[in-house]
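Asks: Protein chains in written order, with this note's numbering: chain A, 1350 to 1704; chain B, 150 to 398.
Since the hints were made in silico from the structure, they are not lab data. Errors might be hidden in some of the hints.
As a list, the in silico BS3-like pairs of lysine-lysine whose alpha-carbon atoms are at most 27 Å apart [claimed, not checked]:
hint : chain 1 : residue 1 : chain 2 : residue 2
1    : B       : K351      : A       : K1552
2    : A       : K1552     : B       : K341
3    : A       : K1584     : A       : K1625
4    : A       : K1625     : A       : K1648
5    : B       : K308      : B       : K290
6    : B       : K186      : B       : K151
7    : A       : K1593     : A       : K1647
8    : A       : K1509     : A       : K1582
9    : A       : K1582     : A       : K1647
10   : A       : K1552     : B       : K398
11   : B       : K375      : B       : K308
12   : B       : K338      : A       : K1552
If we take Cβ atoms under 8 Å as the criterion, some of the chain A residues that face chain B in the derived model are [said to hold, decoys possible]:
hint : residue
13   : S1405
14   : S1408
15   : N1411
16   : L1413
17   : A1416
18   : K1421
19   : K1552
20   : V1559
21   : Y1562
22   : A1566
Derived Cβ-Cβ restraints for the label pairs, each shown as a range [as the list claims (entries may be wrong)]:
hint : chain 1 : residue 1 : chain 2 : residue 2 : range
23   : B       : V185      : A       : E1387     : 42 to 48 Å
24   : A       : K1509     : B       : E162      : 34 to 40 Å
25   : A       : R1575     : B       : V185      : 32 to 38 Å
26   : A       : Q1402     : B       : Y384      : 34 to 40 Å
Even for Gly, the Cβ is constructed at its ideal location relative to N, Cα and C.
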Amino acid sequence: MAGKKLMYGNHAVVEGVIAAGCRFFAGYPITPQNEIPELMSIRMNEIGGVFVQTESEISAINMLFGAAAAGKRAMTSSSSPGISLMQEGISYIAGADMPVLVVNIVRGGPGLGNIAPAQSDYYQATRGGGHGDYFTITLAPHSAQDLYEFPKLAFELAEKYRNPALILADGLLGQMMEPVEFSFKPIDPKSLPEKEWALCGCKGRERRVVRSYDLKAGKLEVLNLRRAEKYAKIKSNEQRFKTKYCNDADLVIVAYGTCSRVADAAVKMARDKGFKVGLLRPITLWPFPMDVLGDMVKKVDNFLVVEMSNGQMIDDVKLATECRSRIYFHGRPGGGVPTPPEIYKRIEEVLGGAR
Amino acid sequence: MKMIFGRPAGLTETLQRYCPGCGHGIVHRIIGELLVKLDIRERTIGIAPVGCSVFADEYFNCDMIQPPHGRGPAIATGLKRTRPECIVFSYQGDGDLAAMGTAEIIHAAARSENITVIFINNAIFGMTGGQMAPTTLPGMKSTTSVKGRDIGKQGYPIKVCEMLASLDGPYYLERCAVDTPRNVIRTEKALKTAFAHQISNKGFSMVEILSMCPTGWGQTPVQAKKWLGEVMAEYYPLGVFRDLSKEGK
Chain A
1350 MAGKKLMYGN
1360 HAVVEGVIAA
1370 GCRFFAGYPI
1380 TPQNEIPELM
1390 SIRMNEIGGV
1400 FVQTESEISA
1410 INMLFGAAAA
1420 GKRAMTSSSS
1430 PGISLMQEGI
1440 SYIAGADMPV
1450 LVVNIVRGGP
1460 GLGNIAPAQS
1470 DYYQATRGGG
1480 HGDYFTITLA
1490 PHSAQDLYEF
1500 PKLAFELAEK
1510 YRNPALILAD
1520 GLLGQMMEPV
1530 EFSFKPIDPK
1540 SLPEKEWALC
1550 GCKGRERRVV
1560 RSYDLKAGKL
1570 EVLNLRRAEK
1580 YAKIKSNEQR
1590 FKTKYCNDAD
1600 LVIVAYGTCS
1610 RVADAAVKMA
1620 RDKGFKVGLL
1630 RPITLWPFPM
1640 DVLGDMVKKV
1650 DNFLVVEMSN
1660 GQMIDDVKLA
1670 TECRSRIYFH
1680 GRPGGGVPTP
1690 PEIYKRIEEV
1700 LGGAR
Chain B
150 MKMIFGRPAG
160 LTETLQRYCP
170 GCGHGIVHRI
180 IGELLVKLDI
190 RERTIGIAPV
200 GCSVFADEYF
210 NCDMIQPPHG
220 RGPAIATGLK
230 RTRPECIVFS
240 YQGDGDLAAM
250 GTAEIIHAAA
260 RSENITVIFI
270 NNAIFGMTGG
280 QMAPTTLPGM
290 KSTTSVKGRD
300 IGKQGYPIKV
310 CEMLASLDGP
320 YYLERCAVDT
330 PRNVIRTEKA
340 LKTAFAHQIS
350 NKGFSMVEIL
360 SMCPTGWGQT
370 PVQAKKWLGE
380 VMAEYYPLGV
390 FRDLSKEGK
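Model the full structure from these sequences, guided by the hints.
Replies: In C-alpha cells:
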C-alpha cells in the first residue's frame, strides 16, 4: 500500500498495525472502536493473519499474552470498560516482561459512562492500571496519521524494553476521517528476528519458561528492582513531545490527543490578539515528558492544562514543574470536548492585561 | 546395574512439592512419559494453572507458561494460533477451570481450538487450604463449608464433561480417575488419545481426571483413594462423553 487515503482513525490503526508486521488480533466489540475489529476481521483474513473475536476482553488480553510469549507481534483494541477488564492480564504480561500492543479508544466513564470521546483513562494508562509495581509505555496520537504510524513505534518500544505498550486515543480520533499517508514501508513479519525468549518448543536448546511469579524469598524483590532499572532507562530515553511557540511564551498550554488539536487553534487565536502563548503536546504519556517541563518552568510563569477529564495529566505537570509556576486547568469530563474560544477565554482570564 | 524404573525425559529433575497421596504426581508422570512416547517434547508448550500445580512450570521438561488464574485456554489459543506446529496443553485444576476460567474453557471448546486440556478435579481448593470448589460434592466438608456443602445456600457442583458435551465444538471429552492402577492405565490411554487428536489437527480435547487430595479432604492417602472410587466417581461418572473419531470425523 502506498500513497494517501481518506480514512477513519480506527481504520488507520488497523492498517498501521498490519504495516508494523502484526498478524495477530484478538478482541471484543465495544463502541467507539468497533471499526477496528470489523476491518481487522477482513484484513487478517486477506493476509493470512489471525483474527479471534473473543468472549471477553479478559480472554482477548490473555490470547495476546500467549501470542506474545510465542514471540509474535500481537495486538488488541478496546474502549475504556473493556480496558478495565484487561488490567489483570496486562499486569501478568508486564510481570512476565512480554511485549504486546493495547489500543484504547477512550470513551466517557466511570462505569458504562457513555460513548463520547474522553481522556479520563489517563491515570489507568500511566500508573500501570492493574496490581503490582509496573508501568506501560503509553503513546498519545492526535491524528489519523499518528494512529497509522504509532503501532510500529509501539511495537518497537515494547520489544526493545520487553514491556506492554498502549496507544491512548480519545473516541473522536477513532471516529474522525482524515487523510493518511502510508509513510513507511510495510514490515514483512518473516523479516522480524526470532526472539531469544520465545516459546516455540525446546528442540536443540534448554526449555524456556514465561511467568510473572517467583515465590522464593527475596527473588521477586530482585526482579522488581531490575524492572525499576528498566523503567528508569525508558524514562531517560523515550520522552516524546512536540512544542510550538514556547520560546517567548508567558503561558504554555499542555494538552494531548484531541485537546492538543483544539488548543492549537486557541493558541493561534491568542497569538492574533497579542498574547504570548505556546503549546506543549506530550506524545508519550508514560514516560511523561518531565524534562522539557523542568526546563520550561525556568522561564514560563503560567501553564494551562487542558484535558477531556476532571484533571489527571495535571498531576504530572505539577510533578514535572514542582509547582514552581502557576498551573491552571480547563477540563471537560464525561464526553465534553473543549472548543477554541473556550480555551481562549481561559487564556484571557489568566493573562489579562499582559498582552 | 540395570535401570528398570526412572524419571521420564518429559519431567525435569526438580523435586515435586505435592503432598503424600496427591494425584498430581501420577498425572504429571503420565504426561511426562507421553511427551517422550509421542515424540512431542521438543515441540510442546505447556500451560500451568494457578493452584497447587502452578509449579508444573518447573516440572514438565518442555517450554512452559504460567498465566492468570483460569485463563489457560485463552493463552493456549494465542500460542496455538501463532505456532500451529507446536503441541499446546493446558493443565488446570477445578478452581482454575470450573470457577475462575469458566468462560475461557467454554469458548475455547466452542471454537474447537486445536489444544489439549487436562482438567484435575479433586473437589477441593488445595493450594489455598481446603476451601469449597465448584466441584465440591453436596454435603462435603471444606473450610468454607464446615458443616458440609449446603445445596440450598451454596448450590450444586459443576459437571464439566457433561457441560462441555452440550456443545458442538469439542472433538474428544473423557472423564478418568487415578485411584487404581486400572484407572491410571485408562487415564494414560485417554491422554494419549487427546494428544493424538491434536497432532492430527482434530480440534478441542479435554480429559477430566478425578484425583485424590488427602490433605484437603482430611483423609489418609489410602482412605482418599477409597473415597474417590466409592463416593466421588458415583457423582462424576467415568467414561467418554464425546469422541468424534467414532463418528468418522
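Asks: Hint by hint, note whether the structure agrees.
Replies: So, going through the hints one by one against the coordinates:
1. B:K351 - A:K1552: Holds, because 24 Å separates the two Cα atoms, which is no more than 27 Å.
2. A:K1552 - B:K341: Holds. K1552 of chain A to K341 of chain B sits at ~21 Å (cutoff 27 Å).
3. A:K1584 - A:K1625: Judged against 27 Å, a Cα distance of about 30 Å means the pair is violated.
4. A:K1625 - A:K1648: holds (13 Å)
5. B:K308 - B:K290: holds (18 Å)
6. B:K186 - B:K151: holds (21 Å)
7. A:K1593 - A:K1647: holds (17 Å)
8. A:K1509 - A:K1582: This hinted pair holds, its Cα atoms lying about 11 Å apart.
9. A:K1582 - A:K1647: holds (25 Å)
10. A:K1552 - B:K398: violated (32 Å)
11. B:K375 - B:K308: holds (21 Å)
12. B:K338 - A:K1552: Judged against 27 Å, a Cα distance of about 26 Å means the pair holds.
13. S1405: holds (6 Å)
14. S1408: Holds, because the Cβ-Cβ distance from S1408 of chain A to chain B comes to roughly 4 Å (cut-off 8 Å).
15. N1411: Check passed: Cβ of N1411 of chain A comes within 4 Å of chain B, closer than 8 Å.
16. L1413: holds (6 Å)
17. A1416: At 4 Å from the nearest chain B Cβ, A1416 of chain A passes the 8 Å test, so the hint holds.
18. K1421: Holds, about 4 Å.
19. K1552: Hint holds; K1552 of chain A Cβ to chain B Cβ min 4 Å, cut 8 Å.
20. V1559: It holds, given that the least Cβ distance between V1559 of chain A and chain B is near 4 Å, below 8 Å.
21. Y1562: holds (7 Å)
22. A1566: This hint is violated: A1566 of chain A lies away from chain B, its Cβ roughly 15 Å from the closest one there, beyond 8 Å.
23. B:V185 - A:E1387: 42 to 48 Å: holds (46 Å)
24. A:K1509 - B:E162: 34 to 40 Å: holds (35 Å)
25. A:R1575 - B:V185: 32 to 38 Å: holds (36 Å)
26. A:Q1402 - B:Y384: 34 to 40 Å: Because 36 Å falls inside the window, the suggested range holds.
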